[in-house]
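From just these sequences and the hints, can you work out the full model?
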Amino acid sequence: MKNFGLFILCVVMVFLQLSVAGVFFSARRIPDLALALVITLVLTMGFKESLKWILLTGILIDAGSSTVFGTATLAYFLIGWMVAGLIDVADIRSKKTFFLAFFAAAVMISEIAKDIFIFVSFKIRANFFHEPHSALLNIFSVDYLFKIIYTIFAAYIIYYIFRRVSRALFLEPVKLMKK
Amino acid sequence: MLFRKNIKYFAVVALLLVVIFASFRSANNPVRGIILTVSSPFLKTFRIFSGGVSGFFEFMRSIGDLKSENEKLVGENQELLAQNNRLKDAEKENQSLRKELDLAPRLKFDLEASFIIAQDPQGLGNYFLIDKGGNSGIKTGMAAIVSNGILVGQVTEVYANSAKVTLITDPSSAINAEVQSSGAKGIVNGEYGLGLQMGMISQTEVLSEGDTVISSGLGGKIPRGLTIGKIGQIGQSPDKLFQMASVVPAIDVSGLRTVFIIKK
Numbered sequence: 001m002k003n004f005g006l007f008i009l010c011v012v013m014v015f016l017q018l019s020v021a022g023v024f025f026s027a028r029r030i031p032d033l034a035l036a037l038v039i040t041l042v043l044t045m046g047f048k049e050s051l052k053w054i055l056l057t058g059i060l061i062d063a064g065s066s067t068v069f070g071t072a073t074l075a076y077f078l079i080g081w082m083v084a085g086l087i088d089v090a091d092i093r094s095k096k097t098f099f100l101a102f103f104a105a106a107v108m109i110s111e112i113a114k115d116i117f118i119f120v121s122f123k124i125r126a127n128f129f130h131e132p133h134s135a136l137l138n139i140f141s142v143d144y145l146f147k148i149i150y151t152i153f154a155a156y157i158i159y160y161i162f163r164r165v166s167r168a169l170f171l172e173p174v175k176l177m178k179k
Numbered sequence: 180m181l182f183r184k185n186i187k188y189f190a191v192v193a194l195l196l197v198v199i200f201a202s203f204r205s206a207n208n209p210v211r212g213i214i215l216t217v218s219s220p221f222l223k224t225f226r227i228f229s230g231g232v233s234g235f236f237e238f239m240r241s242i243g244d245l246k247s248e249n250e251k252l253v254g255e256n257q258e259l260l261a262q263n264n265r266l267k268d269a270e271k272e273n274q275s276l277r278k279e280l281d282l283a284p285r286l287k288f289d290l291e292a293s294f295i296i297a298q299d300p301q302g303l304g305n306y307f308l309i310d311k312g313g314n315s316g317i318k319t320g321m322a323a324i325v326s327n328g329i330l331v332g333q334v335t336e337v338y339a340n341s342a343k344v345t346l347i348t349d350p351s352s353a354i355n356a357e358v359q360s361s362g363a364k365g366i367v368n369g370e371y372g373l374g375l376q377m378g379m380i381s382q383t384e385v386l387s388e389g390d391t392v393i394s395s396g397l398g399g400k401i402p403r404g405l406t407i408g409k410i411g412q413i414g415q416s417p418d419k420l421f422q423m424a425s426v427v428p429a430i431d432v433s434g435l436r437t438v439f440i441i442k443k
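Protein chains in written order, with the numbering used here: chain A, 1 to 179; chain B, 180 to 443.
Note that these hints are calculated values from the structure, not bench results.
From a predicted model like this one, the values you see are computed outputs, not experimental measurements.
It is possible that some hints are incorrect.
To be verified - Covered by chain A, according to a simulated footprint, are these stretches of chain B (three or more residues, beta-carbon under 8 Å):
1. 187-195
2. 209-220
Claimed, not checked - Listed next, the stretches of chain A that the computed footprint assigns to chain B, with coverage defined by at least 3 CB atoms under 8 Å from CB atoms of chain B:
3. 14-20
4. 26-37
5. 57-63
6. 114-127
7. 152-160
To be verified - Below, in silico cross-link-like pairs of lysine-lysine (DSS-like), each with a Cα-Cα straight-line distance of 27 Å or less:
8. A:LYS48 x B:LYS184
9. A:LYS52 x B:LYS187
10. B:LYS318 x A:LYS52
11. B:LYS443 x B:LYS318
Built from N, CA and C at the ideal position, the CB exists for glycine as well.
Here it is, written out as structure tokens:
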């Protein structure tokens, strides 16, 4: 039941990002719901437990995007690993405000790192095959700032809902990460 | 020690790197095709539902403006009715003249209406996915337009029940174009989602700001006469051999829900 619930959650979140977000947000301001989900999963279940769900989310995002297949998956995997490494060295949930700030910072840094990673992969492919690449990344633009803000808010909402719903729907409680 | 502890994770990274290198060249990844084929009905349902929700909120927001907008539309409608009658008359005249001159009838497009079901999740690219694919006779290179003949993009990848349409604002897109009033020919390229640029225009051509740019039909893939946009700033190419001009796209694609694919 827990696995089924998590599977549905990952699929729905990717569908929301691929299909629904574009209706409400302009193309360059679409929040990265998949990233928000990855960070939420790592923070609540730990990296090891959430590994297969991170890979599933990444593969689905790769399928719907024009990136080199596998780059989004690798980016989400590395982000999950990085966040897990950070929470190993500090008990980030000891204070609510500290946690909120950490969470926002983790989402922001991860988003920028992921976009640069994917952008570079586009450029490498384009340079390698001498073809124009279609990616545009300007992390100092207003659009990008809004994208980051929306992603942070989405991450807060997903985290909050996940913590509330997981106990009710997944029957067996989701394991909290080791301190 | 660190490596041995995390060997499983390093193996995953290595495996993903292999996948990336294996799919480096091909855009039409079979896994991508399978996932899109399975998920396209769900993506469509999500999109239609969200479109309804968004439409409801837009309607609620626009209630205040409805009265003045209605008055404006009634006026526009009357004007268009008169224009329509004049055009019908011109069409009849055109048909009889074509008959007299023994010209072939004007091309009529075989259109396939398609829903936009998804857009680039990363916000980096300039494309969208539609709910029609190879099963509906869609092929790569076909033009995507909106109902009134405005070109929005070209089909670049086809799956069984979905296809990827790359927008004309994408830098990889190159459309043979013509300035409607002067007949000046050139090539319209995308500028990283920021707009369009028409280049390779002969120095002898006279361009004016606001002139309409249409597809020229050269090359055969995109039919002639589809609206692309209007000429903006005019300048010289870096080597001064040609003129170039920015082109303001005729439509903002972010609000699109449906497009038509020209099959023939």
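Okay, the hints, checked on the actual structure:
Here the region 187-195 of chain B counts 4 residues with a CB under 8 Å from a CB of chain A, which clears the bar of 3, and the coverage holds. Requiring three or more residues with a Cβ within less than 8 Å of a Cβ of chain A, the coverage given for the region 209-220 of chain B holds, as 5 such residues are present. For the region 14-20 of chain A, the stated coverage by chain B holds: 7 residues have a C-beta nearer than 8 Å to a C-beta of that chain, and at least 3 were required. A count of 7 residues in the region 26-37 of chain A with a Cβ less than 8 Å from any Cβ of chain B is obtained; the coverage claim is therefore met, three being the minimum.
Counting residues of the region 57-63 of chain A whose C-beta lies closer than 8 Å to any C-beta of chain B gives 5; at least three are required, and the coverage claim holds. Using a Cβ-Cβ cut-off of 8 Å, 6 residues of the region 114-127 of chain A lie near chain B, which meets the minimum of three, so the contact claim holds. For the region 152-160 of chain A, the proposed coverage by chain B is not satisfied: 0 residues have a C-beta within less than 8 Å of a C-beta in that chain, short of the threshold of three. The suggested pairing of A:LYS48 with B:LYS184 holds, with an alpha-carbon distance near 12 Å, which does not exceed 27 Å.
Straight-line distance between C-alpha atoms of A:LYS52 and B:LYS187 comes to about 12 Å, which keeps the hinted pair within the 27 Å bound. Pair hint B:LYS318 plus A:LYS52 does not hold up; C-alpha atoms about 36 Å apart against a cutoff of 27 Å. A C-alpha spacing of about 11 Å is found between B:LYS443 and B:LYS318, which places the hinted pair at or below 27 Å, so the restraint holds.
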